[in-house]
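Trainee: Sequence:
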Amino acid sequence: MSLDELPHKKLASSEGIQFARSDSRFRSLSPAPIPIPTAPSFRSLVDPVSDERVNHDTVTSHESEIGSGSISTVSSTVSSVESEKAAYEFLAQTPIKSTDAHLVEFSEAMRTVAKALRRVAEGKAAAQAEAEEWRRKYELEMAHKQQRKIKGYGSCANNELEKLASQLTLEMPASDQAGCCGNHGICSHEVLQDESPGPNPRSSHKLVSRKASFRLSWGCNGDKNGQHKHDFVSFEKGDITTAERSNKQILLKWESSPQTVLFITKPNSNSVHVLCAEMVRWLKEHKKINVVVEPRVSKELLTEDSYYNFIQTWDDDEEKKMLHTKVDLIVTLGGDGTVLWAASLFKGPVPPVVAFSLGSLGFMTPFPSEQYRDCLDNVLNGPFSITLRNRLQCHVIRDAAKDELETEEPILVLNEVTIDRGISSYLTYLECYCDSSFVTCVQGDGLIISTTSGSTAYSLAAGGSMVHPQVPGILFTPICPHSLSFRPLILPEYVTLRVQVPHNSRGQAWASFDGKDRKLLSPGDALICSISPWPVPTACLVDSTTDFLRSIHEGLHWNLRKSQSFDGPRD
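Heads up: the sequence shown at position 59 corresponds to 59 in full-length UniProt numbering, and the numbers run straight through without jumps.
Hints listed in this document are in silico derivations from the structure and should not be mistaken for laboratory results.
Predicted, not measured: the structure shown is a model, and the values here were computed from it.
Watch out, some of these pointers could steer you wrong.
[Said to hold, decoys possible] Taking lysine-lysine and the DSS-like style, the derived pairs with C-alpha atoms no more than 30 angstroms apart in a straight line are:
id, residue 1, residue 2
1, K299, K266
2, K266, K321
3, K320, K347
4, K519, K266
5, K253, K347
6, K562, K516
7, K287, K211
Model the full structure from these sequences, guided by the hints.
Mentor: Spelled out as structure tokens, the structure:
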């Protein structure tokens, strides 16, 4: 390039610079393009980006008209604008995504609240419907009770609640439907008739065929007006409340005079033998009662005096099985073991038992033998309180049996059934089930399954609780378990317990029923226990609760302690 061309080149460069400056002035006067609309909440972040986008478009449009001399300057300007645009776009993206996530979370929370409110509304509607249903049932029951009142029923109720109470009747004789039964505080709303199911068995020539009938009723102790207190369940406003409870003292009233009394005595006792002979003579001469005794006692009395030719007995097991159809009352002379023996003679219904105390403790023998005349007079004339003592019905199922219906003859126990390790030195290993639910595996010396009457016997010695005999339940008490946390249980009376010796047990087990009739349980064998439908009704000296408390105070000296001295420090 010659020196003559340099002024022209410089001039061209200065013109480009001036044009660029004039272009900047032109850019300030040129109309701006329409900005891209953005979300209102992010305008503060997007507006700077829009302004830079407009400036960038203006620069680009004018740079196309500029000569080649200004290309380098415009290029640097474009690159800086693009960097700023990328930065603003990066800043604008993050808040948008974060805010979208918060909106999604907020919408999910609102949806959850809506579901909860809908469930509350549905629950409220269901509760209102249920309350209306209860109210309808209650009004319908009141209408039925009012109709029966108009027709003459329910005359033994003494107030408006008792007139509306449900009468828990097991059996109501037709002659007693019109009113209350007697003046001794007894009502026949709940009746257990002394009958045997099935056809009448053949009568033995040695036993009388007539049997007295009686009625059991759930009376009210100490109620002088002779009215019965009912259990009344109220459905007012959908709430279930018990307005009034009966104390459930059970009374027995003879409908016909008892004719036959069975005597069960403790063996090898001279005092018992003398008392038995005296009581038999008194009943025959003063009460004209037929007397039945065991074959052993019959032989002893006949050997002593031929006067006792009137006594009756049985010769074989078939006649013994029919005793409950002939005997009206059982009199036991001995202790609790004599009561257990008397109960074992009856595989079905058991007549009322009057137990005279001639033993050691006497939890079930409340009557003093010295006052036997007065006691028997009260019982024979009636009414008197009784305690219904439940029995356990036990079945042994062998591993070789095809099914559970193939069992041995059932065994009835009044106190308890015990499963122990016998002479084995190994721990007893038993699997226990309650209905279809697994209970536990017993590893220890054994297990006691007891009635509430037996709660003061072996179960008490093994750490079980003392339970009132009329509490419906089954006691589940381990014997020396190899676990500190294995505590006794009390299960409801309606369950069925299954105790099985598993096949992997190291040894065998032995089962005993009221302390006798021991049976071997090999691996795979099982014992099934449930409450028998035939309880043992024992006569009470006062009532069930008073006799029970007296027995644990006198027999066990329960909570006997010397009283704290009166003198000493005081608050």
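Trainee: Work down the list of hints and note, for each, if the structure agrees.
Mentor: For each hint, the structure was consulted:
1. K299 x K266: holds (15 angstroms)
2. K266 x K321: holds (21 angstroms)
3. K320 x K347: holds (10 angstroms)
4. K519 x K266: holds (25 angstroms)
5. K253 x K347: With a Cα-Cα distance of about 24 angstroms, the restraint between K253 and K347 holds, given a limit of 30 angstroms.
6. K562 x K516: Distance ~39 angstroms between K562 and K516 Cα, so the pair is violated.
7. K287 x K211: OK: K287 and K211 at ~16 angstroms, within 30 angstroms.
The structure is inconsistent with hint 6 alone, although it conforms to all the rest.
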